[in-house]
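Taken in order, these protein sequences are the chains called A and B.
Counting with my numbering, you get residues -15 to 398 for the letters of the first sequence.
Counting with my numbering, you get residues -19 to 353 for the letters of the second sequence.
No lab work stands behind these hints: they were computed from the structure.
Beta carbons are placed, not taken as given, at the ideal position from N, Cα and C, and that holds for glycine.
Hints should not be assumed to be uniformly reliable.
Stated by the list, open to error - Label-pair ranges, simulated between beta-carbon atoms:
#1 A:Asp350 - B:Asn66: 46 to 54 Å
#2 B:Thr40 - A:Asp266: 56 to 64 Å
#3 B:Glu185 - A:Glu398: 34 to 42 Å
#4 B:Gly181 - A:Thr393: 29 to 37 Å
#5 A:Ser129 - B:Gly181: 50 to 58 Å
#6 B:Asn56 - A:Leu75: 31 to 39 Å
#7 A:Ser129 - B:Pro130: 50 to 58 Å
#8 B:Asp197 - A:Lys263: 52 to 60 Å
#9 A:Asp350 - B:Glu148: 47 to 55 Å
#10 A:Ser48 - B:Asp126: 23 to 31 Å
#11 A:Ser48 - B:Pro130: 23 to 31 Å
#12 B:Asp126 - A:Arg270: 54 to 62 Å
#13 A:Leu75 - B:Glu185: 19 to 27 Å
Stated by the list, open to error - Here are the computed lysine to aspartate or glutamate pairs in the EDC-like style, where the Cα-Cα straight-line distance is at most 20 Å:
#14 B:Lys132 - B:Glu148
#15 B:Lys109 - A:Asp197
#16 B:Lys109 - A:Asp332
#17 A:Lys382 - A:Asp350
#18 B:Lys108 - A:Glu322
#19 A:Lys263 - A:Asp197
#20 B:Lys109 - A:Asp64
#21 A:Lys382 - B:Asp101
#22 B:Lys216 - B:Asp101
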Amino acid sequence: MVRESWMEIYPYYQNYIQNMRPLFEQSNRFMQDILPEDLEDKTKITEYLTEEEKRSVGKVKAISEFSAMYRRDIFTRIWDCVEDLRSTTDLEEIRDIVIDDFEDSIEFLDFLSTITSPEQFNYESTPLFLIVQYIQEQIFPRRNSLQEVYDHLIEKSVEYYETQRHLLMPTSSYREKDESFESPALSPLLFKIINEITSLFNLDPNFLESPKDETIEIPVVLKDEVFLPFIDSVANNELINLQQILKRMELQLIHDIFIGPTMNLIRVGEPHNYFSREKISDSKERIKPQLSNETLVLIYLAKLSYKRGFISKELINWISSIFSLLIYNASLLTFVSEENIFYTIFTDLKTEEKILPYMMKLICFDKYLGIDRTKIRDSVQYRKEIFSSIGSQIQSMKKLIVEISKYITSIIEE
Amino acid sequence: MAITVWSELIEKFQNGLTQSIEFLAERDVENIPGAKERLVEKFTQLRNFLPRNNGELLITMINNSIQSKLFPNTTNHTIAFNQILNARTLEQDSIISELIDGFISSQGKTLFGGTNRRILDNLVEAFKKRRDFKIVDHQFYAMFGDPNKPRKYVQERLDKIADFLGLEVENLHVEQDVRDGKPKNYRFYSFPEEITQILEGKYIEVQDNGEKVITEDFDKMVFISYFLATQSINRKNLDKYAINGICAIFSLILLLSFMPKLEVDETNPINRDEHFNPQTMSIIPKSWLTKGILGELMTPLVQIVAYRVGGINWLDKILLTDKKINLHLQAQFLLKDVNKWVLGNMCRVEIPIFVEISNIFSEIILGAEGGNE
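Modelling step: build the complete structure from the supplied sequences, incorporating the hints.
Pasting the structure below:
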């Protein structure tokens, strides 16, 4: 895979925006020049479109075809708007509405185009850097220790637990090998296993002397009780996989029979009351589990966030696509209202799939998410797949988009 | 014959309740003062009222609440779909999603599960794209098709899902396509007209010019509800895996609704946890969910639900081997988005279906007690 530099990706990111912006500008100028009564005359618009679509010899075919398609898209919406409103609204007023909508759309495109700089070293004051930092703080924090990352995730989980969990569960269906040292995404099956472990620890724990510290007894559950509903029997291969799965949640296999928390999990979980201590003799304490739904899911996420070099390809694509979608949708919300007649152009898959993949690569750089950008897939098919899950938005993500949009407004005002 | 079966099932459940009450009396692990007494009181009430009026209590709970909201007892697809749609809330959506998981190895899995699970998101996107509430095969291929595979592949998948869901397919032959001037065949997929009418308003907006645009509320749960409606009217043809899965979830809903609402001491750490909201949640002590209690109650309740929902046909398909009973018990791990673990306490989120079943319980008991006086 090619390791592309910032200087190489940036122009790709700008390419589409820079082609779209003039289309909106020119069309806006046409609207400003047109007499309101001519809005009712479809031939005026058709004449304009025919004139604009004449390709000069020097112009690249792809670009002129692209422009023609979008220009038609823009004018179809204008025509629809005139048809919808002309029985109730004055034509001059309709023209003003369209012009306002154009201006908002141009502002949005301008923001996207100036969101970052062509040189990587100027990053600190760019909106892209600030917004990525803001989102990371909510759902994927960077800190110096696992404890700090975990503490922060739990603090933010009250508002954003669903989004934090969504970040771990891609809807795409690429299979990943579990033996790899990299942490894969949470599959629906793995999520069920986590639920099961949480329930068993809470409902029916046994207690065993810790292999690391004989002064404490740690809670354990039977391995077979957790996994047998999912697999028929645990052989050597399964055992290796189980150990990998458990390790990612700071759990350990004890005597090949029991599953118990590592001392690390007890240490990071105790401040949040996920474990409490009970004295059972002068020299022994018992660690009692009182786990919440988010306890193990967030330790999985915290470990990924803390050790970003070990995230699997599938998950890297998913995390960066969620981040770029959040940035894109929050920017859209800031500038373009849902009533804007061009709103659906920006939420169209064909627009998103041309801007977001490059934004995904930009935000993977070290100063941003700091994950391996060479793993971002370039295939058109994959882009279609990953962005088609936009339809299943979740409630807490909508809330986060609103908050990011407020943050963008504060950046602009500064 | 039917009366005997029904009476036997009620008796079995009564015995289960007796054993659970005995189990509760023997154990002393409760860390919430008064919790044990409340559950014993509720279970005793339940046990005493079960046989009255030929099991009126359970019949009303299952018919008026579970069936009418999640699995309508009708042969009319439109009515069934309408009932499920009207009962939708965020939490009830999670129950419906888990019901779909109950269709283990049934056709639901091959269509909505595994690698195909995004097909529903794709359908939503495809409807969003157009202004006539239809999906066109060419457009669907352009949006989601794999360029390395022929369009036929997408068409076959769409045909299959349309057939399964009951979507209507319309063919259109065009002699000269505007783009390339060649003859072309288009296939349009849409909901039947009567279903479209139900969706109008909340899920589809009909513009003045007759265009139909889907709203923000239109999501994949609409398809899943439609799928569930199809299953509910075709309940006679379901396989035993699906029947066992569905009955286990319905039984768990009933059991959770039977459990009384508890209030905990102000000093309890759970009150300081921000994930716990005493207004919308109530604690179910974990001792109430141990195998000693659930083990005695789940199996007879699964049988009761099977009999009421699918008759003797379903009851015969309930598996009663040890392994399968263990699987019924796995139901305690279900509904994880509706029942949350908060600091080691199972918290029931008071969603409408729990509240409703609980209210039926109170109404019937109060009515009967009033009658006795």
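Tested hints:
no., hint, verdict
1, A:Asp350 - B:Asn66: 46 to 54 Å, "52 Å, holds"
2, B:Thr40 - A:Asp266: 56 to 64 Å, "58 Å, holds"
3, B:Glu185 - A:Glu398: 34 to 42 Å, "39 Å, holds"
4, B:Gly181 - A:Thr393: 29 to 37 Å, "34 Å, holds"
5, A:Ser129 - B:Gly181: 50 to 58 Å, "53 Å, holds"
6, B:Asn56 - A:Leu75: 31 to 39 Å, "49 Å, violated"
7, A:Ser129 - B:Pro130: 50 to 58 Å, "53 Å, holds"
8, B:Asp197 - A:Lys263: 52 to 60 Å, "55 Å, holds"
9, A:Asp350 - B:Glu148: 47 to 55 Å, "53 Å, holds"
10, A:Ser48 - B:Asp126: 23 to 31 Å, "28 Å, holds"
11, A:Ser48 - B:Pro130: 23 to 31 Å, "30 Å, holds"
12, B:Asp126 - A:Arg270: 54 to 62 Å, "56 Å, holds"
13, A:Leu75 - B:Glu185: 19 to 27 Å, "25 Å, holds"
14, B:Lys132 - B:Glu148, "18 Å, holds"
15, B:Lys109 - A:Asp197, "61 Å, violated"
16, B:Lys109 - A:Asp332, "8 Å, holds"
17, A:Lys382 - A:Asp350, "27 Å, violated"
18, B:Lys108 - A:Glu322, "14 Å, holds"
19, A:Lys263 - A:Asp197, "15 Å, holds"
20, B:Lys109 - A:Asp64, "15 Å, holds"
21, A:Lys382 - B:Asp101, "17 Å, holds"
22, B:Lys216 - B:Asp101, "29 Å, violated"
Of the numbered hints given earlier, the model fails hints 6, 15, 17 and 22; all others are met.
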